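Turn these sequences into a full structure, and let the hints guide you.
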Amino acid sequence: MALKRKLHEWQRAGLLDASTVERIEAYEESRSRPYALYVIGGIGALAVGLGIISMIAANWADIPRGVKLAVDLAVVAWLARYVFLADRAGKAWAREVALIILQLLVLASVGLIGQTYHLGGKAWQALLAWALMTTPMMLVLGRSHVTAVALLTALNAGALTTLGEWLDRAHLGRFTEELIIACTAGVLPLLHLRLAWASRLREQRPALSQVMEAAGFMVVLCASGAMQHAWYERTSAGDDTVNAVRVSLVAVAGMVALVWVGAARRFEDDAQRLCWRVLLVYAVAAGYLPFLVEHPRLGLLSAVSFLGYLAVIAWYAYRRRQVWLFNLATAVMALRLLGIFIELFGGLLLTGFGLVLGGAAILGMARLWMNQTRQWRATMRTPGGAP
Amino acid sequence: MTATVRRVVVLALPVVVLAAMVLRAEVIIAQGRHYVLDIEGYDPRDLLRGQYLRFRVRWSGGFGGACTPGEEGCCVCFGENAEPDRPWVHHVACTEMSACQAFINPESARTVNQYFIPEDMGGPLERAIREKRATIRVAVSSRGEVIIEDLLLDGQPWRDVVGRPPPSE
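Taken in order, these protein sequences are the chains called A and B. Counted from 1, the first sequence has number 153 at position 153 by my numbering; the numbering is strictly sequential. Counted from 1, the second sequence has number 52 at position 52 by my numbering; the numbering is strictly sequential.
These aren't lab readings, by the way, just hints derived from the structure by calculation.
Where chain A lies over chain B, by a calculated footprint (3+ residues, C-beta under 8 Å):
#	stretch
1	15-23
2	112-126
Computed footprint of chain B on chain A; a stretch qualifies when at least three of its residues, placed anywhere within it, have a C-beta under 8 Å from a C-beta of chain B:
#	stretch
3	76-86
4	102-111
5	135-148
Computed from a predicted structure; not experimentally measured. For each residue, glycine too, the CB sits at the ideal point set by N, CA and C.
Okay, here's the thing in structure tokens:
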């Protein structure tokens, strides 16, 4: 709508003629993808799926066992057939929505069988069985971002709950358990990133590749930000958790090296590749640093580290022309700045003083941000415009 | 494998696996040995956990055990009794099961502890269990797997004893 308005504005101003406006509109229409429709479809499918799970959880004891299970299997089979026919007919939206409902219905069916026969299984068994049963169909038939999210959710839920159960049973000792958890938490998001860049996946399942990349990237950024708050706590060499995180850095560094190499294929532009690598290494280093050195409680250092980190993210977003990330990083910076003033001062009077100072700093920052981004946005949207 | 065959296979996979899960449970019920076991509330003051009843089986009535229940490699062994569906129970190493009429493997023994109930039956059922003798009827496969067939109160299916609650006003 915004583009259409602009085109007509330019036409009225005599910058474009009517036929050019028409051609641009036709071109943009042919390229447009109904993302909103897919998101709405995904939400609707999720609601239907959760509704089925809820109805099954209510446990209809009055319906005979055979009838309940036969109807359930028949609905699963019918939905599978529907997905097949929708795919063959080229009805992409119907296929994607039905696929998500089918995926959730399979989980509900596992629950129904457990409920009907009173199987005392655990959540991990149900989630693992669900992931194993549905991953092939989601991989082969799913094309949209919504089904990619559903697939990754099932896979990660199945894998992580199984790992948790294995740790629970293996009795490996606290340090080994925490080491495995730290390695998994550190390596898994980076693994998502690396797998997302596999050329075959990028060519054949671009939506899945993009979702994996976005999920891995956001988890790395958020985890690093959260870990930097460890400056708030005193660390000592005798702490199992701290030692586990330290040792896990070896595995994480290995994975960072793999992602570093993989970035060569992901980013063709040297400058973009460089800034991506800088952000990755900075995020990992800043996140792990509070665990590598013994320190007392250092609240101010935590805040400064986090602000520096946000500044690096903002710089990265600017270089990569990601306006939303730039805006998010600067907004969080402003909030964190306010937090520093509240933390530094005690008592009502001083807190009030801190708030006034913090608020003034944010207003100054917002003013600067408005002046700069107006200019930056223009250059960021122009190919080759960013320095 | 052609694209069409691949699509059919991946879509049929959940249907086949779910059907196999149902079939396995039905085979255990149809071909397994049937027993009645006494149960007691896991926490007598609070039997319900959401949509299911939490209990533990009273593995009693038999001669002493050769291993500790719940241990790895410790099976529940059912011996013959005058009442055919109420076995003598003792615990023996899973490698020494030859004298048992049937047995429950350690994994299944650990998981026979919950019974799913309809969402509006929690209160009446909890009261009935406190007042009457609660047992479960189980089917045990030749591989030591268990399916709970029914919850019995004074020997009667719980639905016959508790009935439906009056509609809420």
